[in-house]
Amino acid sequence: MISQSVTTLWTLMRRELWESPVAFKWTPLAIGAFLLLMAIVTLVIGARVDGEMAFTGDALRILAEQPVDQQRFIISGMLFSVATIFFQLMLLVILFYLAGSLYDDRKDRSILFWKSLPVSDGMTVASKVATACLLVPGLFLAAIIMTHLALLLIASGYSIVAGVNPLTTFWLPASLPRLWSIMAVGLLVQALWLLPIYAWLLFCSSWAPRLPILIAVAIPAGIAIAQHTWTLATSLSLPGFNFGLIMLKRLGSSIVPMSANIQFDGHLSDIEFHEDLFMSFGNVFAHLAKPEMWIGLIIAVALLAAAVWVRRRATDN
Amino acid sequence: MTATIHARNLRRHFGQTRALDGIDLDIPAGRIVGLIGPNGAGKTTALKAILGLGSYQGELEVLGLNPARQRDRLMEDVCFIADVAVLPRWARVRHIIDLTEKLHPRFSRETCMHYLKNTKVRLDAKVKALSKGMVVQLHLAVVMAIDAKLLVLDEPTLGLDILFRKQFYSSLLNEYFDEGRTIVITTHQVEEVEHILTDLIFIKDGKLILNSSMDDVHERYTEVMVRAEHAEAARQLAPLHERVLFGRHIFLYDQTDMARLRELGEIHKPSVADLFVALMSNGDSDNIIAEEAA
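Sequences listed follow chains L and B, in order.
Just so we're aligned: the first sequence equals residues 30 to 346 in the working numbering.
Just so we're aligned: the second sequence equals residues 55 to 348 in the working numbering.
What the hints contain is simulated information worked out from the structure, not anything from laboratory work.
Keep in mind that this is a model prediction, so the values were computed, not measured.
By construction, the Cβ of each residue, glycine as well, lies at the ideal position given by its N, Cα and C atoms.
There's no promise every hint is true.
Claimed, not checked - Here are a few chain L residues that face chain B, going by a calculated C-beta distance under 10 Å:
(1) I140
(2) W200
(3) S282
(4) A343
Said to hold, decoys possible - Once the Cα atoms are required to be at most 27 Å apart in a straight line, the calculated DSSO-like pairs of lysine-lysine come out as:
(5) L:K136 with B:K323
(6) L:K136 with B:K186
(7) B:K180 with L:K54
(8) B:K220 with B:K261
(9) B:K171 with L:K136
(10) L:K54 with L:K136
(11) B:K186 with B:K174
(12) L:K136 with B:K180
(13) B:K182 with B:K203
(14) L:K278 with L:K319
(15) B:K220 with L:K54
(16) B:K186 with B:K171
(17) L:K54 with B:K182
All chains should be modelled from the sequences, with the hints used to inform the complete structure.
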């Protein structure tokens with residue numbers, strides 16, 4: 030029974046991958062290819078300026094002489110910042126995917142085919158959630174790993190030419206297993222953190238007569254503006270609590286790339302630039318202890334239930 | 055043995071329009087039912103209710119299940135094709151077959167391939183690159199490869215050429231159908247299905263105006279071709295419908311004195327299409343349709 034459900038869920042997730050290969054497969058690969066291309070272009074230009082590799086070699090030797098924790102901070106920090114580009118675009122891909130996920134098949138009537146299969150509407154919605162929370166982050170992480178390896182290989186080539194040990198200068202300080210597992214855990218926690226937003230998009234996608242993404246943005250934006258107008262007109266002040274801003278803030282303060290709990294209260298100088306900013310499991314898990322996380326999850330469950338309810342009644346018109 | 059479809063006082067309205075106006079229906083297993091009605095009569099609404107795709111009031115059981123609440127379980131034993139093929143356009147043919155194989159416990163890839171063999175549908179083609187007719191062929195192949203107890207076909211052969219239509223109905227009857235299964239077909243091409251139907255249902259304005267077996271239909275209804283001079287006498291016998299063809303008057307009767315009819319003219323059994331026209335126009339102000347000879 031359970032294994033049948035898992036097979037069904039996995040089949041439905043593969044269906045999502047077949048439907049959106051450009052967004053899920055080619056986008057992360059293209060980002061990786063673009064980053065590698067930029068690295069190669071930089072190196073080619075560098076080679077023309079620094080034909081004898083004097084500066085490059087010096088820089089590599091300086092890096093090799095750094096203390097171990099400095100090396101770790103520099104290398105893993107660089108690899109992490111490479112990953113942030115993936116994370117930003119991944120979020121965009123997921124938001125657009127979810128907004129269309131329960132709408133597109135109603136628009137092109139293929140919902141009649143999907144509903145002719147013995148798959149419950151709850152399972153259909155679950156497959157969309159699992160795709161957004163597991164499959165897409167997994168594919169982007171795979172592309173990040175490939176990009177990291179390619180960048181490290183290029184760096185190794187250069188360090189061998191410069192007479193620097195690539196293993197101790199690049200591969201060990203990169204602390205790849207730790208880096209990648211923090212990213213993987215961070216992506217999972219981020220999916221939970223963003224689940225109320227995902228669920229909101231799915232809910233809008235399940236009933237919107239057209240343009241679900243616009244409706245999903247317009248409703249909270251409209252409420253926020255109305256709320257502002259009302260408090261401004263009645264008490265000449267701005268509201269202390271705003272629905273639209275809460276959603277925006279949640280989207281903006283995702284868990285990865287910055288896994289740290291930074292409170293931006295004007296004391297930016299307090300932040301110590303240390304690898305703990307991004308390389309700490311504790312900071313990732315600390316998000317799970319926040320009450321906002323759990324309030325968000327309760328809202329998400331309610332919205333997902335509503336999405337299933339609407340989906341059960343949805344047909345092609 | 056429960057009926058395949060059991061409905062009592064099935065209703066649905068859209069605003070003022072009553073799409074389904076109190077339908078009672080009992081379809082046992084092993085029947086091929088033709089659901090025939092003009093556009094907007096409520097055929098699709100009725101089928102959607104049966105398939106768990108639309109809301110309704112009243113009592114409805116399909117294979118002992120409540121379609122609105124148990125659609126996913128119902129779909130293990132029910133297959134359907136909506137009025138136009140609705141396969142996802144982004145998918146490749148093999149995606150559709152893989153998905154159905156994984157998601158449907160009663161799907162047979164072998165049977166599906168057998169039906170696809172005679173078509174030009176390639177496994178690697180995208181659905182959006184197939185012609186309209188090929189999409190229907192693919193969908194029919196997938197659906198007929200599912201070992202279902204109830205098959206619902208809503209205008210299944212729309213957009214198909216006559217060769218494939220003939221072939222489809224023949225494999226439907228000879229390879230697919232058996233006494234354990236029930237098939238419900240709606241179509242405007244009545245002539246093509248009438249010889250395979252076991253039961254006939256006419257629907258008009260959300261009401262059933264005919265619901266009987268083909269045997270009963272043949273028993274009940276008679277057409278008589280009458281010369282113009284006997285037309286008045288024929289009208290006295292309360293015909294359901296009268297039309298004129300090549301100067302002869304053709305009258306359609308419901309259970310009338312056969313001996314009397316034989317005296318008036320040549321007797322034959324009405325086609326489903328003629329019966330449909332007669333029953334549909336019944337009650338309208340102008341129930342005499344003069345047909346021009348084609």
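How the hints compare with the structure:
1. Evaluation of the I140 of chain L hint against chain B yields a held restraint, the C-beta minimum of about 8 Å falling below 10 Å.
2. Below 10 Å, beta-carbon pairs count as interface contacts, and W200 of chain L has none with chain B, the closest being about 41 Å; its hint is therefore violated.
3. About 35 Å separates the beta-carbon of S282 of chain L from the nearest beta-carbon of chain B, more than 10 Å, and the hint is not met.
4. Hint status for A343 of chain L: holds, given a least beta-carbon distance of 9 Å to chain B, under 10 Å.
5. As the CA atoms of K136 of chain L and K323 of chain B are separated by approximately 45 Å, the hinted pair breaks the 27 Å bound.
6. A C-alpha spacing of about 18 Å is found between K136 of chain L and K186 of chain B, which places the hinted pair at or below 27 Å, so the restraint holds.
7. Distance hint between K180 of chain B and K54 of chain L is fulfilled; the C-alpha atoms sit about 19 Å from each other, no more than 27 Å.
8. This hinted pair does not check out: K220 of chain B and K261 of chain B have alpha carbons roughly 31 Å apart, beyond 27 Å.
9. Taken as a hint, the K171 of chain B and K136 of chain L pair is broken in the structure, with Cα atoms around 31 Å apart against an allowance of 27 Å.
10. For a cut-off of 27 Å, the pair hint linking K54 of chain L to K136 of chain L stands: about 24 Å separates their Cα positions.
11. For a cut-off of 27 Å, the pair hint linking K186 of chain B to K174 of chain B stands: about 12 Å separates their Cα positions.
12. Between K136 of chain L and K180 of chain B the CA atoms are separated by roughly 19 Å; this keeps the pair inside 27 Å, and the hint holds.
13. The straight-line distance between the Cα atoms of K182 of chain B and K203 of chain B is roughly 30 Å, outside the 27 Å bound, and the hint therefore fails.
14. For the suggested pair K278 of chain L and K319 of chain L, the alpha carbons sit about 15 Å apart, so the restraint of at most 27 Å is met.
15. The hinted pair formed by K220 of chain B and K54 of chain L fails the criterion: a straight-line CA distance of about 44 Å is larger than 27 Å.
16. Our distance criterion of 27 Å between C-alpha atoms is met by K186 of chain B and K171 of chain B, whose separation comes to about 18 Å.
17. For the hint pairing K54 of chain L with K182 of chain B, the CA-to-CA distance comes to about 21 Å; that is within 27 Å, so the pair holds.
Hint violations for this structure: numbers 2, 3, 5, 8, 9, 13, 15, all remaining hints satisfied.
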